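Peer 1: Put the two chains together into one complex; each comes in its own frame, and the hints tell you how they fit.
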Amino acid sequence: MRRILWFLLAAPFLLAFPACGGIDLVTLPERDSVQLTIYNSADLTLAREVRKLTLQKGLNKLSFGWANTLIDPTSLSLRAVEHPDQVELLDVSYPPGVNSEAVWTVRSEIEGEVLVEILFFTSGINWRAFYQATLAPDEKDMLLEGFVRVTNGSGEDYDNAQTRLIVGRIHLLDQIAELAQRSEPFGRPGMAVPVPPAPAVFAERRMAKAQMMDMACEMVAGAAVAPKEIIKEGLSEYFLYTIEGTESIPNGWSKRLPSFKPVRVPVVNLYKYDDRRFGDGVVRRLLYFKNDKDHHLGKTPLPDGQVEVFRALDAEQHLSFEGSQYVKYIPVEQEAEVDLGSTEQVKVEPKLMKMATDRYTFNADKNVTGWDEREDWAIEVKNFRDLPVRVEITRHMKHPHADPVKPAGDCGQFEKKDAQTLRFTLDLQPHETKTFKYTITYHEGKRRDQR
Amino acid sequence: MNPRHLFIIVSLLAAMAATPASARIKLTALPDRAAAIIRLDNPTFTLVEEERVLTLQQGVNQVDFSWKGVSINDDSIRLTPLNEKDQLVLLNVSYPPNEAALVWQVSAPQACNARVRISYLLMNIDRLVTYKGVAAQDESKLNLQSHLVLRNFSGEDFALSKILLNYGEAFEKAVRDGETKQLLFFQKNGLPIQKTFKWDARSKPWDPELVQDNVGIPLYYTLHNSKEKGLGENALWGGKVRVFQQDGHGSTIFLGEDAIGLVPVGDKMELYMGDSRDIVVKQKKTMDRMVNVRRNTDQNVVLYDNEEQIETTIENFKDKPGTIVLTQSIPGEWEMLKCSGAYDLKDHETLEFSIDLKPKDRVTVVMHYTRKNLRP
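Here the protein sequences line up with chains D and W, keeping their order. Once you know that position 151 of the first sequence is 136 in this note's numbering, the rest is easy, because the numbers rise by one and skip nothing. Once you know that position 211 of the second sequence is 841 in this note's numbering, the rest is easy, because the numbers rise by one and skip nothing.
Just chain W, same shape as in the assembly (with noise of 0.2 Å):
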């Protein structure tokens, strides 16, 4: 790390007691600084690790850190003996009034250069994870890269530094003050993916001609991080994911963006491409009465069943075949009289149909159903 910012300073304990903190005699020589370890494991914080050598004096020695410049939680830094371990004794730490600095008071049973590691919390350092996808031509694979950036507005230079991540190889760069770093962080390829197509009753138009723009029907990839799909050696961190297509004529397009959080192992990560307009949606209620009415003695309606039917027909314009995800909902207590398709039930209101559309197809799916025992 260049000394730029930060200042280590060892010093007699005497020299401390006998003058105020605000004009303390700083003595000795600056250690030198052995190699620094920035971890970027945690998505808020980053945390340096530094490692250096204290020349120290037989009795009380005080380590002085002080740090100008730069932002560094001062709860969070430590000091930890590597070699002397069972010799050195770390007897306080203070933090002198009006100075971002903090003394650390070390026993030493005789003089000794001792290996110490310092690390804190560095504001305004950390890490982005961006993802690039290149689907086939006929989206059924993926070649995925996951790019490292860091980006460091510490107010802190740092030379030739080992980055560590949570997963995956140590990188050594080095990164400035005010520098944004791009790097490559794995790539995988041949990854099967899934694309779907879904829409949901409850929040698209039933009847697109009504609308003045396109209905979209929103497009999905879905990768597995498992291993048996390709992936699977670690969570995917968050971030976002562009994807493009070969064209087949040696170029790419780019399909669309989207953010993911992090994708546990097991788990899918499911990316929003952008919305079809080849594929259109239609609903209609065909019917819609009250039946198995039940009144009180003053003849008012006290409870009734309703019988209702839901037409959806789905049109596929385009030469290719999909798969579409159709949810509906049906609040309340309910009966399927007839259904024309299966569906997986989600929850207690949730119907989920899962719909391979051939080129050019048209398909409709009718939900004749009872919603019970409503009241007026």
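If we strip away everything but chain D, and leave its shape as in the complex, we get (with noise of 0.2 Å):
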């Protein structure tokens, strides 16, 4: 790493304030290992370090700087990793003047080497995961691709981090990239805690592109030759994908890498029409899968990300480009939903045949205080495509005040969704036209209670 700096400073400063500009450095330890956990629903990545230190008996001043980052400075810990018992923190001093160092004092019984765990959260650095799918000529269906891209914007190259990305939604109550620019690690008494604005210097630092490249090269010759695996497991309320090894992801770039091996995945093209989600006469065509074994998946969860949807068209693998969405979280077994937009190549027409009230009451000055209204509506479908397609058409009704509908004609399969919602489900042959009847009889005014 460029910008955190480490410093073991000698004990005898810990019996007067230390002064800023006199450092004793003793040792500027290596680092031994590094692992990133990067969040994706909040600029977050909790970083931890393994160091060896060489302490003294008693009391040991270590200083840690990292101007220029964007590390959390309120999250920093430090803990032995080898005799915990024999190396106690005291305390840990921001002290005054100097921005982005912390002091830890510790008091050791033992002299020589002692392998340290550092942690602390830091901004800059994302994961997110995108798909890639191809549908089959037929639509029946699709080949999957995930993918996860980790971006490092932090100020920092972090090499040979072991990397590890989680997928879940966290709770925070602040901002990791303000914490990181406050000039007093945990604000001032009584006051509000003044962000200064996001430091220039990234920009500035940016490495030349040369040396950068060179980073790259140096990269791809390590990498090994087959994609690295990504190991999955749950824990607690999040997913935690490790990626295999070690990455070096100098900072300013990228890196883009399988998240599963492709999967060729059975889909449903829907296409729906629901005029209260959807707007009048709009049909909305949608793929639809689900997270499981029978469709091929269903080892874990599928973080949400933007799914692109590609059709082969023919044997030499030439595209075309369906639609894309971002689709959300998927957990294993539930179905997923891939929205690919408005379409005109299924119509639906909902058309009020009829409408005709009866069954009148009044009261004793001969006012109307009831009655019933009876709607009759026609609803043609028309699928103008070259492939069979289902068709899911959601009706609302006006209220639940009403008698059982019952649809006449090929309306397909019919269900009352819940109180006033009706749903029907067709199944269409390429360039057929169906049209079904129902009649909704609403009961108005007195006539609610007289059924």
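It should be emphasised that the hints constitute simulated quantities derived from the structure, not laboratory data. The hints are all genuine.
Calculated cross-link-like contacts (lysine-lysine; reagent style PhoX-like; alpha-carbon spacing at most 25 Å):
#: 1; chain 1: D; residue 1: K125; chain 2: D; residue 2: K275
#: 2; chain 1: W; residue 1: K859; chain 2: W; residue 2: K828
#: 3; chain 1: D; residue 1: K284; chain 2: W; residue 2: K988
#: 4; chain 1: W; residue 1: K968; chain 2: W; residue 2: K828
#: 5; chain 1: W; residue 1: K988; chain 2: D; residue 2: K278
#: 6; chain 1: D; residue 1: K402; chain 2: W; residue 2: K990
#: 7; chain 1: D; residue 1: K367; chain 2: D; residue 2: K336
#: 8; chain 1: W; residue 1: K818; chain 2: W; residue 2: K792
#: 9; chain 1: W; residue 1: K968; chain 2: D; residue 2: K402
#: 10; chain 1: D; residue 1: K246; chain 2: W; residue 2: K948
#: 11; chain 1: W; residue 1: K859; chain 2: W; residue 2: K762
#: 12; chain 1: D; residue 1: K367; chain 2: D; residue 2: K402
#: 13; chain 1: D; residue 1: K217; chain 2: W; residue 2: K990
#: 14; chain 1: W; residue 1: K912; chain 2: D; residue 2: K275
#: 15; chain 1: D; residue 1: K284; chain 2: W; residue 2: K990
#: 16; chain 1: D; residue 1: K391; chain 2: D; residue 2: K431
#: 17; chain 1: D; residue 1: K391; chain 2: W; residue 2: K915
#: 18; chain 1: D; residue 1: K401; chain 2: D; residue 2: K336
#: 19; chain 1: W; residue 1: K834; chain 2: D; residue 2: K402
#: 20; chain 1: W; residue 1: K771; chain 2: W; residue 2: K828
#: 21; chain 1: W; residue 1: K834; chain 2: D; residue 2: K401
#: 22; chain 1: W; residue 1: K915; chain 2: D; residue 2: K401
#: 23; chain 1: D; residue 1: K431; chain 2: D; residue 2: K383
#: 24; chain 1: W; residue 1: K771; chain 2: D; residue 2: K217
#: 25; chain 1: W; residue 1: K990; chain 2: D; residue 2: K278
#: 26; chain 1: D; residue 1: K275; chain 2: W; residue 2: K988
#: 27; chain 1: W; residue 1: K912; chain 2: W; residue 2: K834
#: 28; chain 1: W; residue 1: K950; chain 2: D; residue 2: K275
#: 29; chain 1: D; residue 1: K419; chain 2: D; residue 2: K402
#: 30; chain 1: W; residue 1: K976; chain 2: W; residue 2: K912
#: 31; chain 1: W; residue 1: K915; chain 2: D; residue 2: K402
#: 32; chain 1: D; residue 1: K217; chain 2: W; residue 2: K988
#: 33; chain 1: D; residue 1: K217; chain 2: W; residue 2: K948
#: 34; chain 1: W; residue 1: K825; chain 2: W; residue 2: K870
#: 35; chain 1: W; residue 1: K771; chain 2: W; residue 2: K898
#: 36; chain 1: W; residue 1: K914; chain 2: D; residue 2: K402
Distance windows between CB atoms, simulated:
#: 37; chain 1: W; residue 1: P989; chain 2: D; residue 2: V248; range: 23 to 29 Å
#: 38; chain 1: W; residue 1: D949; chain 2: D; residue 2: K125; range: 27 to 33 Å
#: 39; chain 1: D; residue 1: Y273; chain 2: W; residue 2: T943; range: 16 to 22 Å
#: 40; chain 1: W; residue 1: D768; chain 2: D; residue 2: K336; range: 56 to 62 Å
The structure displayed is predicted, hence computed values, not measured ones. All C-beta atoms in this analysis are idealised placements derived from N, C-alpha and C, irrespective of residue type, glycine included.
Peer 2: What follows is the structure, given as structure tokens:
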């Protein structure tokens, strides 16, 4: 790492206030390993370093500096991995007038090398999932490929870091980037914490392109021939993706890694009509599949991300772009919906064919107190595609005070979804048109309680 | 305390009487300071107590206490003799014009070295409390650490001083002006925790399909501040809590953070950690009709009941069990006709269902009730 600096100060400094100008540099310890746990629901990365410190018996001062990085100083912690009973952290001081520096006071009962673990949050590193789906020409299945893309904008180069990605929605009180920019780590008493503007230094400090390319070449040279595996496991409400081996991600660079091996997933093409949800006259094309074994998935949830859907046109692998959508997180065994947008290839046209009122009731003054209102609807469904399609039509009733609905004609599968929602699901052959009818008799006024 | 910004001068009264306040002559040597105590038990104000030895002459002495570059609540300043208590008489306290100072007039029957305690509320120095919890991999236990964060922006450097809280042991620390210091306050390991999901019908969407993003089900950890549960020695101060979890590979992941208020002994600490997207709750109204309608002589409806049925489906897509608390609301006067599960009535219109979910479970709760005596 370039920006994070470590110093082990001489013990006598404890006896007086450490002078800002006079650092008695004893050792600059090397980092043994680094692990990055990167979250995608927040700008947050948990960094864990292991370093070997040479401690003296008695009191030791350790200085940790992070100028021009995006480290949250309130998250800093240190613990001895070896001899935890003999190495005690007494306090952490953030000295006055010195930005981006913490001094740990450590009491050691042993003299010599001790492995310590330093843990902190940083912002500026993020990852996202995205998918590429290629529909078969008959649209009965698709080849689904999943990727993760890790981007390092933290101001730090992370070399040979064990990289882990967290899928899940975390609750944070403060933005790590804001905590990283505070002039006093925990703010000041009795006043709002001022947040200085983001340092421009990151842009200035960007590496020269040639240097970055060198690093990139090193990355490639050091990479294994086969794509790296991502090991996935559940922890609490999160899924932890651990990328095989280590990764070097220089500041400013991104890296794309396959999230899982390409799989052929059976899909259902569903055309939906729901005027309340999508608008009047709009038919949306949606792809459905389930994150389960039957669909050659189902080992882990699929993180939310953009799905780009293509369609294979011919044997020469020409493609057409069908649409894209940012899909929600898909738990194991839950159905996934990819909305490819509105289409003119399937049309649904509900028409009110007749409206009539009947069974009026009157009060003693001969005023109307109740009546029935009958609506006759005809729904015409047209498939202009060369492929068979399934169409789901959702109709909303004005209110639930009505007689049971009995459709007529080829309405496919009919269900009353709730007290005032009707749903019809039809299959249509290529270029087929179907029409079905239903009647709703609403009870108004006094008739609502006279059934 | 470093005598940079606080000054104490003891002089004879005769000098004060003959001189205008703005040009007061301050005589005698500065008394040395004994240990200072910083009391942080009040979340808003910090009380500083310092002991000094005043060399007093026989007669009336004036003790001049002034400060510069620090902010002191001057009404809070107190002088307490620790020896010669019966001999020394504090005659009065006066505040010179346009000065950050006060003058005590102290009468001494004979010359003596009086040990006194001066206490005052000092601004811009306070403490925060932060917590760090590490949950076991199975989320049944938590190791809890509490850190004290001392923030000194008072303008005063404190050499080695005793720092007192309202519980726990005192610390001896030096803290400079502008310095923030964090130290471990207490650590308790193996505290039992409860993990609960919560879904509230009043605030959560009933049909998650209609929502663009996943509808997260809030997840809470609950700890009890009681002796039976490993705590209960003192109230826990409010502060930020960051919770990690052991990952089974010798490392941890960060689960989330929350802010807590004061948790008295016997009370519980509830931490909102984030949202689960592996539990999905859907709710729909499957019946909604007027019944028992009553009309006036004009045949207008004046009173009616409304029969409703609510169906709630909870799907656990995880391969682990869990507990979810569903909160339902039935406003006004109502009667439950049939309910598929037991509930706690939290108040007249709030019902809570606690439901244990098995791995990959799907549970449906149906409430069939009548809202009574409604008026149009």
